[in-house]
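Participant: Below, each chain spelled out in residue letters.
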Amino acid sequence: MSVTQILFYVLAGVIAASTGLAVFQRQPVHAVVYLVVSFFATAVLFGLFGAPLPAILQIMVPAGAVMVLFLFIIMLLGREEPKPRDLATMRWIGPAALAAVAAVAGAVLLSLPVHEAVPMAMAKASAKELGRFVYQNYWPAVEAVSVLFFVALAGAMFLVRDFKARGAEKPGNEEAQP
Amino acid sequence: MTAPLEHVLALAVLLFAMGAFCALARRNLIMILLGVEIMLNACSIALVGASLKWQAMEGQAFTLFLMALTAAEASVGLALFVHARKRAGTLDSGGYSSMKG
Chain U
0 MSVTQILFYV
10 LAGVIAASTG
20 LAVFQRQPVH
30 AVVYLVVSFF
40 ATAVLFGLFG
50 APLPAILQIM
60 VPAGAVMVLF
70 LFIIMLLGRE
80 EPKPRDLATM
90 RWIGPAALAA
100 VAAVAGAVLL
110 SLPVHEAVPM
120 AMAKASAKEL
130 GRFVYQNYWP
140 AVEAVSVLFF
150 VALAGAMFLV
160 RDFKARGAEK
170 PGNEEAQP
Chain B
0 MTAPLEHVLA
10 LAVLLFAMGA
20 FCALARRNLI
30 MILLGVEIML
40 NACSIALVGA
50 SLKWQAMEGQ
60 AFTLFLMALT
70 AAEASVGLAL
80 FVHARKRAGT
90 LDSGGYSSMK
100 G
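Here the protein sequences line up with chains U and B, keeping their order.
Okay, so the first sequence: first residue is 0 according to numbering that gives the first Met the number 0, each after it adds one.
Okay, so the second sequence: first residue is 0 according to numbering that gives the first Met the number 0, each after it adds one.
Just so you know, not all the hints are guaranteed correct.
[Unchecked claim] Examples of chain U residues lying across from chain B (beta carbon under 10 Å, computed): (1) Gly19; (2) Phe23; (3) Ile73; (4) Val100; (5) Ala151; (6) Leu158.
[What the hints assert, rightly or not] Computed beta-carbon distance windows for the label pairs: (7) B:Gly93 x U:Leu20: 18 to 26 Å; (8) B:Leu23 x U:Lys127: 38 to 46 Å; (9) B:Ala87 x U:Arg131: 45 to 53 Å; (10) B:Lys85 x U:Glu142: 29 to 37 Å; (11) B:His82 x U:Val9: 41 to 49 Å.
[Claimed, not checked] Only part of the chain U face toward chain B is listed, based on derived beta-carbon distances under 8 Å: (12) Ala15; (13) Leu68; (14) Pro139.
What the hints contain is simulated information worked out from the structure, not anything from laboratory work.
The beta-carbon is built from N, C-alpha and C at its ideal position, and this holds for glycine as well.
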């Protein structure tokens, strides 16, 4: 077993452990911090898989931007008092059983001796090659993504707009309008 | 040499199951969105692994698009949570039982 092969299992362990810890945190802030660790390890895994551009972008976009956005929103909204839980165990059983069935089915499927599990050869797609490939073959998708970002920006700005400024349509809106 | 594709897919299945569990079982809206993020992350791991297996760059290219999709989805979702918290005063998914607008 070579060094890169051991590296994969170490990284997979880090990713699985940090994601599992994130799922079971009570406070969303702790979950976000564990997920940053998970995404960072995923970026290193991408580098191991010979994908430098997705590795760098994994650090920049999900681990950096999206998780910081989550932290901002958690800080903006503040924490809530946890409500008394009714039928908490029953609520957890269904999803836990479904997730366990999916995981077990995947494990069984992968353990079937269809053929020998051959280790993959190392390869590397440089950022320049990948960028050229994307812009040559998938330029409509790149344009669609830019439109998607514009729509997301407009939608987010619409959603966080101050609806109270429209007037006192809602009862209970006792703030004086200037 | 890296690990075989089967082990990469096993990692992706494990992550996807954990993300699905998080999205289905948690009650906080932010934790539900984090579960969706975990599932998308599992998808990108599977895509990059398959890209290495078959020596094709489509998987990596789609991973880039998946990241863009994740960022847009998270921004709109979190803005929706801010709006919902302003209207209903809670982030508990059990508190939203009507679609009165």
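Participant: If a hint holds in the structure, say so; if it does not, say that too.
Facilitator: Comparing the hints with the structure gives:
Taken as an interface hint, U:Gly19 checks out: its beta carbon lies about 6 Å from the nearest beta carbon of chain B, inside 10 Å. With a least beta-carbon distance of about 9 Å to chain B, the hint placing U:Phe23 at the interface is held under the 10 Å criterion. Given hint, U:Ile73 at the interface with chain B, holds; its Cβ is 6 Å from that chain's nearest Cβ, closer than 10 Å. Interface hint status for U:Val100: upheld, as the beta-carbon distance to the closest one in chain B is roughly 9 Å, under 10 Å.
For U:Ala151, the interface hint holds, since its Cβ comes within 10 Å of a Cβ in chain B; the closest pair sits about 4 Å apart. Here the hint on U:Leu158 is kept, as its CB sits about 4 Å from the closest CB of chain B, short of 10 Å. About 25 Å separates the C-beta atoms of B:Gly93 and U:Leu20, a value consistent with the hinted range of 18 to 26 Å. The supplied range of 38 to 46 Å is met by B:Leu23 and U:Lys127, whose beta-carbon atoms lie about 41 Å from each other.
A hinted range of 45 to 53 Å holds for the C-beta pair B:Ala87 and U:Arg131, which are about 48 Å apart. At about 34 Å, the CB distance of B:Lys85 to U:Glu142 agrees with the hint of 29 to 37 Å. Checking the proposed 41 to 49 Å range against B:His82 and U:Val9 shows it holds: the Cβ atoms sit about 42 Å from each other. Because the smallest distance between the Cβ of U:Ala15 and any Cβ of chain B comes to about 6 Å, under 8 Å, the interface hint for this residue holds.
At about 6 Å, the closest approach between the beta carbon of U:Leu68 and any beta carbon in chain B falls short of 8 Å, and the interface hint on this residue holds. The criterion of a C-beta within 8 Å of any C-beta in chain B is not met by U:Pro139, whose closest approach is roughly 11 Å, and the hint is violated.
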